[in-house]
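J.: Here's the letter readout for the chains.
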Amino acid sequence: MGKARISTLWLSGCSGCHMSLLDLDEALVELLSGKVEIVKSPPLTDVKEHTPVDVGIVEGAVATEEDEEELRKFRDNCKILVAIGDCACFGGITSYRNLFDKDEVLSRVFVETESVVDGKVPASRYVPKILDKVKAVGHIVKVEAHIPGCPPSPRALLYALKELLEGRIPILPSDMASFE
Amino acid sequence: MKEIRLKIDGREVKGKEGDTVLDVCLANGIEVPTLCNLKCLTPVGACRLCVIEIEGEKKLNTACTYPAREGLVVRTNTESLNKYRKRMLEFLFAERNHYCMFCEKSGDCELQNLAYKFQVYNVPLDMLNPKLPMDSSHEYLTIEHNRCVLCSRCIRACDEIVGLHVLDFSKRGSRTMVTAGLGDPLKGSPCIACGLCMQVCPTGAIFDKFSSYKFKRKDCEKISTVCQECGLLCPIDAYTKNGNLVRIEGSNLDDFRVQLCRLGRFDVIYGKPPRILRPMVREGGELRERSMDEALKLVADRMRANFPNVICVASAKYPNEILELFKRFATDVLGTMYLDSFDGEWSRAISRSSQGSWVELGHFVEEESGYSIGLSKAPYGSWEDAECGFNDIQRADCLISVELGFKVQNPIHSQIRRAVKGGAKLIIVNPGDDPLGEWASIFLKPSRGSEAILVEAISRAARGRAVDLEDVARECGVAPEALRSAVEILRASKRCIAIYGAGLVKVGGSRAVSALFEIAKEKEMVNGRFGIISIKPSSNTLGAWRLMVTSAEGIPSQKGKGPRIVYALIGDDDSIDAKFLSNLKPDFLVVQSAYRSPATSMADVVIPATTWLERGGELIGQDGRRHLARKVLEPPAGVVGEAEVIAELSKRMGKEIPIPRAEGIGVEVKGR
Amino acid sequence: MDREVETEMGGMRSASSGGGEREIRIPVTRIEGHGKVTIVLDRDGNVADARFHVVQIRGFEKFCEGRLLWEMPVITSRICGICPVSHSLASAKACDAALGAEIPSPAKKLRLLLHMGQVIQSHALSLFYLSLPDLLLGFDYEVEKRNIVGLLESKPELAKRGVGLRKFGQEVIEALAGRRVHPTFAIPGGVNGALSQEKRDKLMAQIDGVIESAKSTVELVKDICMRQDDRIPIKMYNMGLIGRNGELELYDGELRIKDPRGNVVEDGFNPSDYLMIIGERVEDWSYLKFPYYRWAGFPKGSLRVGPLGRLNVADGIPTPLADGEFREFKGVGENGIVDGTMFYHYARAIEMLHAAEKAKELLQDDEICSKEIWAEAKEIRNSEGIGVIEAPRGTLIHHYWVNGDGTIRKANLIVATVFNNMGMNLAIREVASKRIRGGRFDEGILNRVEHAIRCFDPCLSCSTHAIGQMPLSIQIISEDGEVLGEIRRD
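In order, the protein sequences belong to chains C, G and W. Following my numbering, the numbering of the first sequence begins with 1 at its first residue and continues without gaps. Following my numbering, the numbering of the second sequence begins with 1 at its first residue and continues without gaps. Following my numbering, the numbering of the third sequence begins with 1 at its first residue and continues without gaps.
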């Protein structure tokens, strides 16, 4: 049997979920030298293009038009999509800005902050448009499995990976679940 | 109660008539999820998580409100019920802003635990993300509306247990909020900071802002003990982490004793002054820090040079073990006659009152000729056994409350409020403001110092003795009509309970106590006891009395020959009146105290002492029963336990006394 | 694949042969975040400008408003999954300041130990996972294997050393806080947990090995850096916290700024007054702001922070092995300033050694297992609180305005990667200018541009606490902004 091909995607989030994945330490090394091939992963590899894979793992919430576009492409390229972390599963802390008006947020950050001199909200075509409301991954595309946590524990991620390698859609047992 | 039989999830189970289906489930170990139910509160069926299927009924019912009855067939755990429950949880997550990652309650949250149980790992509904306010105006409690699931536990607890009903719903629909008054901030509301709402809150909607991520049950050690702030000795769970106290909760979630007061729940953690950590010795008029060895040497030298002319006074906040040791030190090592507790005056007054004398005689005495004052023999009976418990307050049809004197509102106030809500009449006698003022049928506010006369007059009039009420009213500065109404209420009452604080005893002594007791004697017994409750000034007043640490006669103020040495064991007792010590005219004053106070500034030697959290032992509480307190914390570095200090002093005095074994063993209480 | 790149580039060249400015955009990977680079070419096909776009914003500066002060360390640690500890520490310091709380000495030592764990793990991640694959395997190594996995295959001992160093750092964090990512440990007034003797022993048992490992990493990285033909020199202001004697300081201390020639322009500057000397500009093409030294103006006053900036301003390092390395390092530069961007790696390795030594010192301290870990602080004594620390990537500022009830009125955050924003732009420009002549360039440029960015170890989740994401693509546009083509690797 060939290696399972896995890609990861990082939308609007803090990268903590990817760090938790790295926190598998030796277990990750073992997986990578055995059953798993990481194809595209922003912090780990240099592959830029979406390539068809068996499993796609996505961290972060959908906060910009670019997030949405990337997510759709990613979804099209993976057989199973796994959302990891509270941002991907629920919207998480990235969605906390939904309690405020988008323009209020942008204006605070780029104009009103005390250290800013001559501020303006970046609006050129080089920066993607910010969505009015931050959404969970499952609100945009179909998701096969959710592994919540902020971040999910390495143990929960390892469980999910092992289930996937066994050909099952992981459903995290209640005793491994954590939203913090 | 009649036993009934039901079938739940295919199992034959038993319940009692009057149980709800949920009661029967819980009693039989059948787990039914719920967010709004608590045994101590009236069920309301608000969260809809305890839905069940009843055979023969088409709709789903809530187990917490459905009365169990003979022959009922119930299903609690079907796939469709669980699907329904999961959907309910999803609604809750979609409706408000549940950001577990920065919620103080995460890990201890009932909503979160249910989400784990039902594997709510995403929410397939639109998240509403409403922007709701957070009320952090209160000194300790923050209401975070974003995390509220509208279960109404806090509202019910504040109403049904605390009797205040500070909290209730405001607004409608999904914008419904739990607020004080009409959407007012908690600060400025009648909230008494008892913190019960926080304890019953299933989510992080009501939390203590200062505990800031220090408290998570799984990281803490839980010690079940009693709060020693006052004689109520409320059962508490003290949570410590790394040897630091982080949270205190009421242990008994099943009934009203779960309520604590702000002293016991919050102030004990956040409101205490800095501790005395090193012994101090007066040199050239100033207290200077010295080593324990130097301080004890000085104390032992002075005591040795002057004994038996040493006066030993202890706070009755100490448990029996330490009081007993203190007594042995005084009698066996120093050989002094002068031993007392700081609240001795109170105990002596009660013991000399008719309340005290009656019990000593052990039978009913109809006294025609007034009060039995000034008995020559000290009443070594258990006069406190005459009193009913504060749990009995609900049984009274009339309550007379005389200057309770608590620093903050506590479960006794709640009990009185609940009794009033249940129809009891409340008469208050208090020269000052009274927190229960607005609950009173009659609030008599006599001029300060005249409360004893007023009480005596009421007692006489209520018992049909001749009194010129007009005259008394004028003397005491109360409205004559109010006084007459109070007397009428008392006369009409069948089961009356009089509750009095130390203030009355101080002003009126045994005479005033007798006056109240005489009323109680004429009324029906309450739960086999008299309708009288004295609020004891310390957490172990009765222990000190029974152990005879409290002197029966008091300490004579005239000095004998030679310098007078006073050894005051104060600990963390903040009710000590420094005048008490100055009246003893000490030539050399040794104070063992946890905090700086007027007493320590008078002292010649100050030795650090423990607080109640740092010592265990047996106490005899407000209710006359023994309670075992467990040690919650180790004393801070530099503070040596009282037992060790006394033992060391004894050794230096040339006589070793055995240290009573640590907490949990107790001492044999001999004497009174 | 490489050929395809060339072809496509060729295509773009021809597409723009009509003249006008052109842009090259590269999605950047193997950095901690999302970003894009645009290289603007002039009519002659030479580099006119280079821009590093950050395309994410989350809005922490807004949504912290109304939250409680006591929640801030836990909320702001979510800014970044790589250096959550830095945010929680800067935040807790800001909260201490608002409360006027003096934290107990053991609490401070525990915070420091946590910080050292963080520095070790973060620097190890940057070096071994993100940068050494380029440096050891070569910029032109197979793209699928030019990563930690490839490193594990070709240099397993070395790669495992990196995994081990990062793991130790994470273990320190876990021992103190119970978890590795987003630990809840620093709280206003102290920390919320003590270190058990058992865990202390466990860390002590490893520490000498970690120091040894860090030492050989310095040797390795020094060697690599010294051999680089292009050190990507940039003239910039340098900033960092320093201790009382001018030594490297990561947690407390005062700010020192040196101009590009090495003259001290600010010294002993109270970081709480940062608004007097630091401003931020906004460019229309990035969600990342541009902080600068106010008195030098923008963009001249752009600041270099992080390992290179810190060692440039410091006079020494308060641990012996790292100090020895520091002396040697200083020898590379002039007037105390080393301005080769590639030397970030070198400086980072020295700092990792320092962190390991400092961790040992702290673990040996008698107070480290003390239970006296927080000061009871209830009252908001000051309406503002500012916390400044040196995060692994550089100076980190948390500034809160607090209401009397403990809620946050306003928040301002300036994170390390934001400080380095201009530095990254300048480094890209420097790399690109050397490799793009007359519109011609080789495929190595893609990764070299990325590597220039990686030198700064930008943590884009941090910097985009405010918004954004960063794949790097090379895009060419005409002078009037029309897109003529885009370079992709595949």
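Hints were generated in silico from the structure; no laboratory data involved. Bear in mind that the values here come from a model prediction, so they are computed numbers and not experimental data. Heads up, a few of these hints could be off.
[As the list claims (entries may be wrong)] Capping the alpha-carbon separation at 30 Å, the derived lysine-lysine pairs in DSS-like fashion look like this: (1) G:K241 - W:K360; (2) C:K162 - W:K155; (3) C:K133 - G:K222; (4) C:K162 - W:K108; (5) G:K171 - W:K145; (6) W:K371 - G:K218; (7) C:K162 - G:K272; (8) W:K155 - C:K35; (9) G:K241 - C:K102; (10) C:K79 - W:K145; (11) W:K371 - G:K222; (12) G:K222 - W:K199; (13) G:K86 - C:K162; (14) G:K241 - W:K378; (15) G:K272 - C:K120; (16) C:K3 - W:K155; (17) G:K241 - W:K155; (18) G:K241 - W:K108; (19) C:K129 - W:K160; (20) C:K133 - G:K86; (21) G:K272 - W:K378; (22) G:K187 - W:K410; (23) C:K120 - W:K108; (24) C:K133 - G:K187; (25) W:K145 - C:K35; (26) W:K235 - G:K631.
J.: The structure should be examined with respect to each hint, and the outcome stated for every one.
T.: Hints versus structure:
Of the pairs offered as hints, the one joining G:K241 and W:K360 holds, with about 26 Å between alpha carbons and a cut-off of 30 Å not exceeded. For the given pair, C:K162 sits about 27 Å from W:K155 by alpha-carbon distance, which is consistent with the 30 Å threshold. Restraint check for C:K133 and G:K222: not satisfied, since their Cα atoms lie roughly 43 Å apart, outside the 30 Å limit. Between the alpha carbons of C:K162 and W:K108 the distance comes to roughly 41 Å, so the proposed pair goes past 30 Å and is violated.
Our distance criterion of 30 Å between C-alpha atoms is broken by G:K171 and W:K145, whose separation comes to about 61 Å. At most 30 Å may separate the alpha-carbon atoms for a hinted pair to count; W:K371 and G:K218 meet this at roughly 18 Å. With a C-alpha separation of about 53 Å, the suggested pairing of C:K162 with G:K272 is violated against the 30 Å cut-off. A threshold of 30 Å between alpha carbons decides the hint, and for W:K155 with C:K35 the separation of about 20 Å falls inside it, so the pair holds.
Restraint check for G:K241 and C:K102: the C-alpha separation of about 41 Å exceeds 30 Å, so the hint is violated. In summary, the hint linking C:K79 to W:K145 is supported, as the alpha carbons are separated by about 24 Å, within the 30 Å threshold. The straight-line distance between the Cα atoms of W:K371 and G:K222 is roughly 17 Å, inside the 30 Å bound, and the hint therefore holds. Only pairs whose Cα atoms come within 30 Å are accepted, and G:K222 paired with W:K199 is accepted, the gap being roughly 22 Å.
Using a Cα cut-off of 30 Å, the hinted pair G:K86 and C:K162 holds, with the two alpha carbons roughly 26 Å apart. The hinted pair formed by G:K241 and W:K378 meets the criterion: a straight-line CA distance of about 19 Å does not exceed 30 Å. Distance hint between G:K272 and C:K120 is unfulfilled; the C-alpha atoms sit about 50 Å from each other, more than 30 Å. With a C-alpha separation of about 22 Å, the suggested pairing of C:K3 with W:K155 holds against the 30 Å cut-off.
The suggested pairing of G:K241 with W:K155 is violated, with an alpha-carbon distance near 45 Å, which exceeds 30 Å. A distance of roughly 18 Å separates the Cα atoms of G:K241 and W:K108; the hinted pair therefore holds under the 30 Å criterion. Between C:K129 and W:K160 the alpha-carbon distance is near 41 Å, which puts this suggested pair outside the 30 Å criterion. Distance check on the hinted pair: C:K133 and G:K86 sit about 25 Å apart at the alpha-carbon level, within 30 Å; holds.
Restraint check: the Cα-Cα separation between G:K272 and W:K378 comes to about 12 Å, which is no more than 30 Å; the hinted pair holds. A threshold of 30 Å between alpha carbons decides the hint, and for G:K187 with W:K410 the separation of about 23 Å falls inside it, so the pair holds. This hinted pair does not check out: C:K120 and W:K108 have alpha carbons roughly 39 Å apart, beyond 30 Å. A threshold of 30 Å between alpha carbons decides the hint, and for C:K133 with G:K187 the separation of about 34 Å lies outside it, so the pair is violated.
Between W:K145 and C:K35, the direct Cα distance comes to roughly 16 Å. Compliance with the 30 Å bound is thereby established for this hinted pair. A C-alpha spacing of about 64 Å is found between W:K235 and G:K631, which places the hinted pair above 30 Å, so the restraint is violated.
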